[in-house]
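Colleague: Please model the entire structure based on the sequences and the hints provided.
So the sequence lines, in the order shown, correspond to chains V and W.
Read in order, the letters of the first sequence correspond to residues 1 to 115 in our numbering.
Read in order, the letters of the second sequence correspond to residues 1 to 115 in our numbering.
Each hint should be verified, as a subset may be incorrect.
Unchecked claim - Listed below are several chain V residues computed to face chain W (Cβ distance under 10 Å; list not exhaustive):
no.	residue
1	Gly41
2	Leu44
3	Gly108
Keep in mind that the hints were calculated from the coordinates and are not lab data.
Cβ coordinates follow ideal geometry from the N, Cα and C atoms, glycine included.
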Amino acid sequence: GNSVTQMEGPVTLSEEAFLTINCTYTATGYPSLFWYVQYPGEGLQLLLKATKADDKGSNKGFEATYRKETTSFHLEKGSVQVSDSAVYFCALIPISSGSARQLTFGSGTQLTVLP
Amino acid sequence: DAGVIQSPRHEVTEMGQEVTLRCKPISGHNSLFWYRQTMMRGLELLIYFNNNVPIDDSGMPEDRFSAKMPNASFSTLKIQPSEPRDSAVYFCASSYGGTMNTEAFFGQGTRLTVV
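Modeller: Below, the structure is given as structure tokens:
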């Protein structure tokens, strides 16, 4: 089956520190990969995505590269801000001949950035 | 577009009462998902619809839960009777299931407390 494994949290960093949140996946073929972010009291928002191997998704200073050889999609940011404090979810949509393609989520990683 | 709209945002009810959560997906989207989020279990997919038809309800915890999608612009998730362990944030999400790249867009969620 399909699954996503994320780095366990919580992660606490100082402002301007470098961020990496690890994500690896198991799926048949080459799924589409996503990072979602959930700010306190809100729903999930798409942060970035990649749909094929070696694609790099990027948004708001965050980046993740689709690595098929390591089945990974690690999230990185060079300099985090207090406003980046949130829960981050890695997710995939499998290649499927079915009519609907559902997201499979990782367990989420809580990030807290201190001023 | 206003995005996925859920109501109510907060619901407090007594054990044994019926609870109905509502969702309006993004216009033009043909897939709709109901998720439940708790600290203990993270994000769980309860059910998803494609073109108003339930595709997979294997995540629905038990017969007390039911979901309907009478048309493309409205869905409900009903719990009858409710129990304290149903307390969680319930998210509705929608997507266009026509391409592999499709991501899901989430509503703000309904925070349910059963006392």
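Colleague: All hints, please: hold or fail.
Modeller: Cross-check of the supplied hints:
1. Because the beta carbon of V:Gly41 sits about 8 Å from the nearest beta carbon in chain W, less than 10 Å, this interface hint is met.
2. Hint on V:Leu44 holds. Least Cβ distance to chain W is approximately 4 Å, under the 10 Å limit.
3. At its closest, the beta carbon of V:Gly108 sits 6 Å from a beta carbon of chain W; the interface hint therefore holds under the 10 Å criterion.
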